[in-house]
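**Student:** Here's the letter readout for the chains.
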Amino acid sequence: MLTITQALYDRIVAHARADHPDEACGVVAGPAGSDRPERFVPMLNAARSPTFYEFDSTDLLKLYREMDDRDEEPVVIYHSHTATEAYPSRTDVSYAGEPGAHYVLVSTADGDGAGPFQFRSFRIVEGEITEEDVTVVEAY
Amino acid sequence: MAIEVRIPTILRTYTDGRKAVEGSGATLDELFKDLETRHAGIRERLVDESGELRRFVNVYLNDEDVRFLAGITTELGDGDSVTILPAVAGGMA
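Sequences listed follow chains A and B, in order. Mapping of the first sequence onto this note's numbering: residues 144 to 283, in sequence order. Mapping of the second sequence onto this note's numbering: residues 107 to 199, in sequence order.
One should not assume that every hint holds.
What the hints assert, rightly or not - Label-pair ranges, simulated between beta-carbon atoms: (1) Glu110(B) with Glu181(A): 24 to 32 Å; (2) Thr201(A) with Asp154(B): 21 to 29 Å; (3) Asn168(B) with Arg213(A): 43 to 51 Å; (4) Arg213(A) with Arg144(B): 24 to 32 Å; (5) Glu281(A) with Gly183(B): 51 to 59 Å; (6) Arg160(A) with Thr133(B): 43 to 51 Å.
Said to hold, decoys possible - Examples of chain A residues toward chain B, derived with CB under 10 Å: (7) Gly173; (8) Ser177; (9) Arg179; (10) Ser200; (11) Tyr207; (12) Asp212; (13) Ala226; (14) Pro231; (15) Ser232; (16) Asp235; (17) Pro242; (18) Gly243.
Claimed, not checked - Derived pair list, reagent style EDC-like, types lysine to aspartate or glutamate, alpha-carbon separation capped at 20 Å: (19) Lys139(B) with Glu128(B); (20) Lys205(A) with Glu170(B); (21) Lys205(A) with Asp169(B); (22) Lys125(B) with Glu158(B); (23) Lys125(B) with Glu155(B); (24) Lys125(B) with Asp214(A); (25) Lys205(A) with Glu228(A); (26) Lys205(A) with Asp122(B); (27) Lys205(A) with Glu110(B); (28) Lys125(B) with Glu181(A); (29) Lys205(A) with Glu150(B).
In case anyone wonders, no lab produced these hints; they're calculated from the structure. C-beta: ideal position from N, C-alpha, C; glycine also.
Please model the complete structure; the sequences and the hints are all you need to start from.
**Tutor:** Structure follows, in structure tokens:
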């Protein structure tokens, strides 16, 4: 299960909405071993594409060094799908390299003021997708 | 020639959980072959059948992505540090 604050949830959705029609991506880092997302780190989608996202490789190194220095992990790795549902694609699964992370997908497919945004969380371990509940709290 | 290699979480199963190991080699290719002798299975995760770096990993020599250097043939020197990270990527396509 992913437990996340309303404030972080809102920031992820706002980022996905702001970058639409391109895919948005980022990380919420947290203390190593805590499973608690705390530090919101929006990343640039180096692919600048409506169908693909990739962290810029220089930014990626900087992010991991920073997390290492602060004894953090990428607790949440999020990205948006702009025209399809919030479910991991085959591409997402083939790239999923953090078995300890919650992979959050936000769909902005109906982002023109229509229904609510889809916000779903998954574990992706050795090619296997497991959806999990998302609990939104005011504070930890 | 000692080169420090920083290992990402997903590959620590090959290094007994260690975050960094030492290796040697005049090029990245040689370094990965050297690592394979002590950490069996790790090379296949880094290099594809044709001997090129896999798309799913980013490898850095000190602060530089080796794709902007000479890729798998990038030359290494004593005291260099190599960092391996999983690419964070995906998408609808």
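**Student:** Run through the hints listed earlier and report the numbers of any the structure violates, in increasing order.
**Tutor:** Those not satisfied are hints 3, 7, 8, 9, 12, 22, 23, 25, 26, 28, 29.
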